[in-house]
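Undergrad: Using the hints, put the two standalone chains together into the complex.
Sequences listed follow chains A and B, in order.
Residue -17 is where the first sequence starts when you use the numbering used here, and the numbers rise one by one after that.
Residue -19 is where the second sequence starts when you use the numbering used here, and the numbers rise one by one after that.
The set of hints was computed from the structure by calculation and includes no laboratory data.
Some hints could be false.
Unchecked claim - Partner residues aside, some chain A positions facing chain B, computed with beta carbon under 10 Å:
#: 1; residue: Val6
#: 2; residue: Phe75
#: 3; residue: Pro78
#: 4; residue: Val82
#: 5; residue: Pro210
#: 6; residue: Ala211
#: 7; residue: Ser248
#: 8; residue: Leu319
#: 9; residue: Ala340
#: 10; residue: Leu342
#: 11; residue: Arg349
#: 12; residue: Leu365
#: 13; residue: Leu374
#: 14; residue: Val378
#: 15; residue: Ser380
Owing to the predicted nature of the structure, the values given are computational and were not obtained by experimental measurement.
A virtual CB, placed ideally from N, CA and C, is assigned to each residue, including glycine.
Single-letter residue listing:
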Amino acid sequence: MLSFGAGLTPEFPSPAGNSHIDEVFTEEAAVRPPVGHALHVTPLAQEGELVAQGAAVACLRHAPDVCFTAPLAGRVARITLLPGRKLSEIVLFREPGDAVERHDTGRASTPAGLRRLMQGAGLWPWLRRRPFGGMPAHGETPAAILVMATDTRPFAPDPRHTLQGREEDFARGLRALAQLTEGPVILCQQGGAPLVDPGAGGDRLRIVTRGARHPQGSTGICVHQLFPAGLEVPVWDIHAEDTAALGALLATGVLPMTRLVQIAGSALREARTLRTHPGADLRQLTQRIAAPGPHVLMSGSPLDGHTAQWLAPRHRQVTVLPREIAGRKPHWLVAALTQSASPKPAIPTAGLNQAFGAVLPAVPFIRALSAGDDETAMKLGVLSLLEEDVALADYVLSAPGQLTSTLRAMLERIRSEFAA
Amino acid sequence: MIRGLWNRETVALMLLAAYLPLALFWLWLGGSEALGRLGLSVLVVAIWHLVFMLVRAQPPSLAALTTALAVAMLAPEDLGVLRMVLGITFGVVMGELVFGGWGRNVVNPATVTLSFLGFGFPAFAWPAFDDPTAWAAIPAALIGVATGTMPAPVLAGAVLVGAAAAAGGILPEPVLFAAGIALVLLVADPVTCAATTLGRWINGALYAALVALFATGWAGAAPVQIAVAAALLTSLAAPLLDEAALALWIANRRRRHGRT
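Extracted from the complex, chain B is given alone in its bound form (with noise of 0.2 Å):
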């Protein structure tokens, strides 16, 4: 029979893909250090993934070199390999595996992981962004959104949000670019976002103005660490939003036509 591309292998290849620019840029200004992160959270998210593949039969997908790249990126410096290792093992088993692998988990993998390296090693400090870095996630959002791998939506809604925010000065500039590289990294990740058009630009323009509003009144936050936890409250009210938006469509579709 004949089929078609957009299997989970290819989604996922298309993203990584997106993600290059960004990987790139980060790699050659973070030189071997960052490799070593990288590879790190390489080898023990691939483990997992083998685990669950011979242990439950769950096929690995290559969505987990983008869970790796972003948990490399974002990660607290200087953790050591130990709170990586617990960390990683963490945010891939809970996050994701537990509920079948890549395209059945609720929340992204790599946010979950962010979340408890924050909230488990808060003595340690987060990572800092050069320019040429934050400025790749726009050729990353191109990519994703022109392949239709990323919910253009949720960025529209995310850069709409943001834009009127740093036009009204409550967005330091290292703070918007954190939120830039954590927007294409861990929100607009299409399986965990909302689902539904409508739920989608609510998604992004949440995720905005929860860092416009962790910015102002969260002091002492790291720039990273503000978009980790908007990320992670946004990505936790992805479901009540799509239950919204159905809700209107259903009820704007009953006006209509008298029926659903």
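Chain A extracted, bound-state conformation (with noise of 0.2 Å):
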């Protein structure tokens, strides 16, 4: 860890992919929520019905606006619901027919009907805000919008790639989402040529170049750096792509559904980057270059991703590991000395700060954040920051999963405490 410029390059097992991208539509597919969040919706489509690519299948219940849009033209099979009408998954299955849904962009001109016209088209949940993550109220007005065109995760499928021969509407784009906040838009890329134009993305555009290690393109450590949110600061993030898919959208009426997604791990065959869509199946996906024996399929990067069956709203990574077989219980003796009174406490290393790029006082950040001390951790900046941003350090650290929920409870504890 003697290293200079901040950040860390976590290695994991994977076998090499070859260079060719397919696109691939899979037999079923999911309409789910952002991840870890629970939305109250009114289902638009039957069960059995035909639905377009791109057609409104449910809305949100309080702001009818906002729809969730089939990713391709098919059949709603299954429409599962939680108690109080919060939307679990939509599954559709394929059938044959290119039906495509087309938007009406006349009045895409004036900030509110952009707004409408994201919001019918389905796009608004590829975005996110900050502080407490989640797709954006219906009303809400940014402060910024980041435009993450760098994702330095590990295995991530590289933005630039992505924007090639797009140039155009990604532009248009960035010249849209600039009339959805009065702040900047900050485009954060890796080092090279500018991914844009500067005069061609809009007057308040800010290129911003990251480095290399994780977790210097990681939004909420870019947040935290260059427009730190608050609680009435809101800042919003969107993938460059998405912001070229927008740009798509204005131009023709319709939003392309498919995302360079790569998918990679120890338990591959042959790693594979393709063109697909959200919500695809991830066992269709991986069917065919899957390694012999059991295996866990996770929708994200092996830092941050979580076991699931569909891919999640907004990952561009697939992660298929080998499973842990559960071992015989340890010894008492053994268990005592290495098991008992979990979590242990962080000791401060040099990998520890480096896990969150240097740009903040780690220890303290954690010790805040461990203590529960909302007011300490607030000051040094955990409203710009989500799960994903502080994986590489649960990751360090040895301790899956603990940062991230002691993370996501503050989080919900400060949201409950200032709402009120």
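TA: Encoded structure:
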């Protein structure tokens, strides 16, 4: 860890892949709410009904403008709602034919019209707000928007790659995003030529070059450094590819559903890069390339992914890991020596500091987190961070999920305390 | 789930690896007597860790060995078994275990033990170190910094101020040697030194400055006594340094962004 330049480069085993990029629509797909959020919805389609690609299948109950749309043309197979009509998943079966929903872009030149279009076309769930995470509220105005054209997570697909040939859409998307906020639109990218001509993206566009080590391309770390979020200062972020999709939507009225997804992990025979849609069936995507033997499918990177059957709305990575086989219970003395009184305290090391990109005092922050000291944590910038930003620290400390869940609990506590 | 490397016991092992050159030279030059002291310290510290595991379900840590090494190396000589046991018991229990074990303590248990022994039994002579042992502190610090387990700013701050003081002629060689050994064993402890980068620089500098102050103004003090006293005062000041560094960091951010 004797390195200059913030961040780490954690290495995970994964087989090599070929450079060929297929476009895959899976036979089944699911519409799901953003990770970790239960939303009250009204289904707009019946089970068994045929829907076009991009057609709304559900909308928020208290904000009917915000729709969830079908990622592919097909038949609604199953609508699963949790108690309180919270959306669990809406499963679609693909049907032959390429019916595509076309949206009216006539009024998208005004901020209200653009908002309406984004909400109706199903682009809204691809946005995320900080503090607290999740989809932005229906009428919220952000203080700044970060466009993430860098992703330093292990195995993440290169956003520069995804934007090739879509520069015009991307610039149009950036200009549209600038209509949603009074503040800056900040484009975070890797070194090299600017992804967009600075003049083409609107006058409030700021282009920021980030380092190649994780977590320098992590959204929360960028937000923390460039434009910290606060209780009254919401900051949105959107992936560069989704920005290009917004540009294409404005130009054609059709929202492109495919995105570049990288499949990697040690339980594969070969890695794969492909274009697929949100809610894709991970079993089908990995069926031919998984190595024999038990494995787990995760949506997201090895650091912050979660076990899933469907590709989560904002995820661009699939990780396939061997399933850990539960061993025998250890002897009670061994268990006492190793497992009693967990969680164990974090010992400050250089690695821990780098796991936060050296942008915040890592040790006081972790101490504030584990002690539940909301005020100090807020001063140190907890409102800019989400689970995925502390996942690397969790990995470094060899305590999977510990900081992540502590952070989530703290954010929920802050939200409920300050909402009152 | 996949997990990384740097849990508590890995850090303790890396610290042990860093102390290895120091320990080997000291054992080699000290012979069986040194071995006996180390054995006694390890035994007493280990017993207290076991007691806390059984009574309080507090997992023991390999950091017990680093504590034992520091105590065995720096404790006054010819104390006898009973006084050693008493001192180590006080230091390890009150300095570390009652707080919840290594990682939650606020002062280094070895520093507490040594201060207790120094204040409690002032009639006993403090040890002196041969040159090779003192020089072995340098590889110890290098290994610690290379593995990231010892705070580099603390060491750098101390070396900077110490070099200035030595160049000014206020640090005699024995004090320099003792201060170097205490620096790696007691002050450059990742848990109890300051936690912010700025705080760590000041922490190291403060230690060296205190050593220089005691070396010039404390008549009749032994070199190790000076180093231990400076280490104790520095570790008590560490939270204050952190608080100041954090306030500065937050004020800087507030100026730049208008909020934190």
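Undergrad: Tell me if Phe75 (chain A) is really an interface residue toward chain B, meaning its C-beta lies closer than 10 Å to one of theirs.
TA: This hint is violated: Phe75 (chain A) lies away from chain B, its Cβ roughly 33 Å from the closest one there, beyond 10 Å.
Undergrad: Given Leu319 (chain A) as an interface hint, is the shortest Cβ-Cβ distance to chain B below 10 Å?
TA: Where the cut-off is 10 Å and the nearest Cβ of chain B is about 6 Å from Leu319 (chain A), the hint holds.
Undergrad: Holds or violated: is there a CB of chain B closer than 10 Å to the CB of Arg349 (chain A)?
TA: OK, holds: Arg349 (chain A) within 10 Å of chain B, min 7 Å.
Undergrad: Quick check on the hint: Ala340 (chain A) CB to chain B CB, less than 10 Å?
TA: holds, 8 Å
Undergrad: Should the interface hint for Leu365 (chain A) be scored as holding, given a Cβ-Cβ cut-off of 10 Å against chain B?
TA: Check passed: Cβ of Leu365 (chain A) comes within 9 Å of chain B, closer than 10 Å.
Undergrad: So, Ser248 (chain A) near chain B? Judge it on the closest CB pair being under 10 Å.
TA: Nearest chain B Cβ about 9 Å off; hint holds.
Undergrad: Can you verify the interface hint for Pro78 (chain A): is its Cβ closer than 10 Å to any Cβ in chain B?
TA: violated, 40 Å
Undergrad: Hey, does the Leu342 (chain A) contact hint survive, CB to chain B under 10 Å?
TA: The hint holds - Leu342 (chain A) has a Cβ within 10 Å of chain B, the shortest such distance being about 8 Å.
Undergrad: Less than 10 Å between beta-carbons is the criterion; does Ala211 (chain A) satisfy it with respect to chain B?
TA: Check passed: Cβ of Ala211 (chain A) comes within 9 Å of chain B, closer than 10 Å.
Undergrad: Holds or violated: the hint that Val82 (chain A) contacts chain B, with Cβ atoms closer than 10 Å.
TA: The hint is violated - Val82 (chain A) has no Cβ within 10 Å of chain B, the shortest such distance being about 40 Å.
Undergrad: With 10 Å as the cut and Cβ atoms as the points, is Pro210 (chain A) at the interface with chain B?
TA: Pro210 (chain A) check passes; min Cβ-Cβ to chain B is 5 Å, inside 10 Å.
Undergrad: Less than 10 Å between beta-carbons is the criterion; does Val378 (chain A) satisfy it with respect to chain B?
TA: holds, 5 Å
Comparing the model with each earlier hint shows violations of hints 1, 2, 3 and 4; every other hint is respected.
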